[in-house]
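**Q** Chain by chain, the residues:
There are 2 protein chains.
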Amino acid sequence: MSATRKPNSKEASPSGAELTTALAAQPLYAQVEAIFVDRIRTGVWRPGQLIPSEFELAREIGVSQGTVRKALNALAVDNLVERRQGRGTFVAEHTPDKMLFRFFNLFEDGGGHIEPDSQNTRMSIARANKEERERLKLDVGAEVIRVSRVRTHAGKPMIYETIVLPRQFFPGLVKEKTIPNTLYDHFQKEYGLTVSHGEERITAVAAGEREAKALEIAPGLPLIRLDRTMYALNEAPIEWRVSICLLSGAHYLVRLR
Amino acid sequence: MSATRKPNSKEASPSGAELTTALAAQPLYAQVEAIFVDRIRTGVWRPGQLIPSEFELAREIGVSQGTVRKALNALAVDNLVERRQGRGTFVAEHTPDKMLFRFFNLFEDGGGHIEPDSQNTRMSIARANKEERERLKLDVGAEVIRVSRVRTHAGKPMIYETIVLPRQFFPGLVKEKTIPNTLYDHFQKEYGLTVSHGEERITAVAAGEREAKALEIAPGLPLIRLDRTMYALNEAPIEWRVSICLLSGAHYLVRLR
Numbered sequence: 001m002s003a004t005r006k007p008n009s010k011e012a013s014p015s016g017a018e019l020t021t022a023l024a025a026q027p028l029y030a031q032v033e034a035i036f037v038d039r040i041r042t043g044v045w046r047p048g049q050l051i052p053s054e055f056e057l058a059r060e061i062g063v064s065q066g067t068v069r070k071a072l073n074a075l076a077v078d079n080l081v082e083r084r085q086g087r088g089t090f091v092a093e094h095t096p097d098k099m100l101f102r103f104f105n106l107f108e109d110g111g112g113h114i115e116p117d118s119q120n121t122r123m124s125i126a127r128a129n130k131e132e133r134e135r136l137k138l139d140v141g142a143e144v145i146r147v148s149r150v151r152t153h154a155g156k157p158m159i160y161e162t163i164v165l166p167r168q169f170f171p172g173l174v175k176e177k178t179i180p181n182t183l184y185d186h187f188q189k190e191y192g193l194t195v196s197h198g199e200e201r202i203t204a205v206a207a208g209e210r211e212a213k214a215l216e217i218a219p220g221l222p223l224i225r226l227d228r229t230m231y232a233l234n235e236a237p238i239e240w241r242v243s244i245c246l247l248s249g250a251h252y253l254v255r256l257r
Numbered sequence: 258m259s260a261t262r263k264p265n266s267k268e269a270s271p272s273g274a275e276l277t278t279a280l281a282a283q284p285l286y287a288q289v290e291a292i293f294v295d296r297i298r299t300g301v302w303r304p305g306q307l308i309p310s311e312f313e314l315a316r317e318i319g320v321s322q323g324t325v326r327k328a329l330n331a332l333a334v335d336n337l338v339e340r341r342q343g344r345g346t347f348v349a350e351h352t353p354d355k356m357l358f359r360f361f362n363l364f365e366d367g368g369g370h371i372e373p374d375s376q377n378t379r380m381s382i383a384r385a386n387k388e389e390r391e392r393l394k395l396d397v398g399a400e401v402i403r404v405s406r407v408r409t410h411a412g413k414p415m416i417y418e419t420i421v422l423p424r425q426f427f428p429g430l431v432k433e434k435t436i437p438n439t440l441y442d443h444f445q446k447e448y449g450l451t452v453s454h455g456e457e458r459i460t461a462v463a464a465g466e467r468e469a470k471a472l473e474i475a476p477g478l479p480l481i482r483l484d485r486t487m488y489a490l491n492e493a494p495i496e497w498r499v500s501i502c503l504l505s506g507a508h509y510l511v512r513l514r
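Here the protein sequences line up with chains E and H, keeping their order.
Under this note's numbering, the first residue of the first sequence is numbered 1, with each subsequent residue one higher.
Under this note's numbering, the first residue of the second sequence is numbered 258, with each subsequent residue one higher.
Source of the hints: derived by calculation from the structure; they are not laboratory data.
Each residue gets a CB set at the ideal place from its N, CA and C atoms; glycine is no exception.
Warning: the hint list may mix true and false statements.
[Stated by the list, open to error] Where chain H lies over chain E, by a calculated footprint (3+ residues, C-beta under 8 Å):
id	region
1	91–105
2	136–144
3	225–237
[To be verified] List time: in silico DSS-like cross-link candidates among lysine-lysine, alpha-carbon distance up to 30 Å:
id	chain 1	residue 1	chain 2	residue 2
4	E	LYS70	H	LYS434
5	H	LYS387	H	LYS432
6	H	LYS470	H	LYS434
7	E	LYS130	E	LYS213
8	E	LYS189	E	LYS137
9	H	LYS434	H	LYS355
10	H	LYS327	E	LYS98
11	H	LYS355	H	LYS413
12	E	LYS70	H	LYS470
Based on the sequences and whatever the hints tell you, model everything.
**A** Here you go:
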């Protein structure tokens, strides 16, 4: 993947003609689903927009209404569209609440979902170092935006966070006076980037000097380290984030199914 | 919930007559799904068994074949049945591999799924203490089986684990000479208990004396603590497990969607 590839570039939306070629090995509804994902990815369908009816989409693409319905149901399971009873199907819009619910897994031991604030946000631009290039699949010479901040809960520092973003995807970000507390809905609204999925690797670390200072604790205390990569709809990595968390009276929750 | 409630007791399987009463608020396929879950839970349908065809089930229950298909698809999503092309639908059988894949989230940093061995397994019976009663929803006086073991990977100690099980659900377990490395498939085969789902709470801890000895490390090192409760199909808690993990060259992986 090239460093200059744009995840949401406005390339032509695929048409029904493509159904018979590149995607032909998949079931029909999955081929239709891929067309719809591409419309969302490229901004043909915008967040919050009401999309055409199943009847209209079926006629346009030349498949049955049942196939369109199956494709839209699959998109709804992936949180890409929302089906509203009696009103139609809308492209899912990222909101701070929804993003926290999907991608933030810290809970109070009593059960409440933690919604952290942000403090001391710093931003800088740099050439990506080797590790950043590997994690974000960037070419030598590509620039990144580095963000560091302390996230607080109930007034106390809880997370020391460093975020690395490929600069090319966020052209105006460094000019923003303040960046918002929840980033993913901002990415979608301002930069047309839908954070689609990712992975988080959890380990334990002893607090170093920097974390100890940021979290106002003694060095050496055991902390949770979350190492996260998030991807856009086209599988391009768009964020690498390391969160060092002081979990006192709180935990990271995983549901096992 | 009473301490003597058996998750998989052989009570009468619900019949079509019940469709119109207790479950009537749910969509029809969900009502049919609940009937099937109960047949698996009570052992009317056994792990590995081929269940009747959609046609037969539809006629028996008095719903359409499409409704039966929807119910079976929902069960397949929950890993309770397996649909095999051209062969029919089978009650899912727990195997060591499948259980590890579903419920064990430790990976090598290189990407490989860790399949730990077990050492120094000890078992004892005791009256449940207050915390055990709370976690396993047991009455005062109920007995538990306490298991402790060290799990190794590539020959090195990796996890110090304590497992608490309500004794009533596992009548013969304490008489077993050795208990297997992977427990959940054993629970299903020997005790008819299907581990259906659960939750895992992750925190960081400093190694205490006991963990340090078991894991052959210095006290004070940062470790991951996994605190897990697993439930049977009827939502009864059947296992409380605390795993203290030394993650060197490894991590706990969470997929974010």
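**Q** Work down the list of hints and note, for each, if the structure agrees.
**A** Structure-based check of each hint:
no., hint, result
1, 91–105, "holds (count 3)"
2, 136–144, "violated (count 0)"
3, 225–237, "holds (count 3)"
4, E:LYS70 with H:LYS434, "violated, 52 Å"
5, H:LYS387 with H:LYS432, "holds, 25 Å"
6, H:LYS470 with H:LYS434, "holds, 25 Å"
7, E:LYS130 with E:LYS213, "holds, 27 Å"
8, E:LYS189 with E:LYS137, "holds, 24 Å"
9, H:LYS434 with H:LYS355, "holds, 25 Å"
10, H:LYS327 with E:LYS98, "holds, 28 Å"
11, H:LYS355 with H:LYS413, "holds, 24 Å"
12, E:LYS70 with H:LYS470, "violated, 55 Å"
When the structure is compared with the earlier hints, violations turn up for hints 2, 4 and 12 and for no others.
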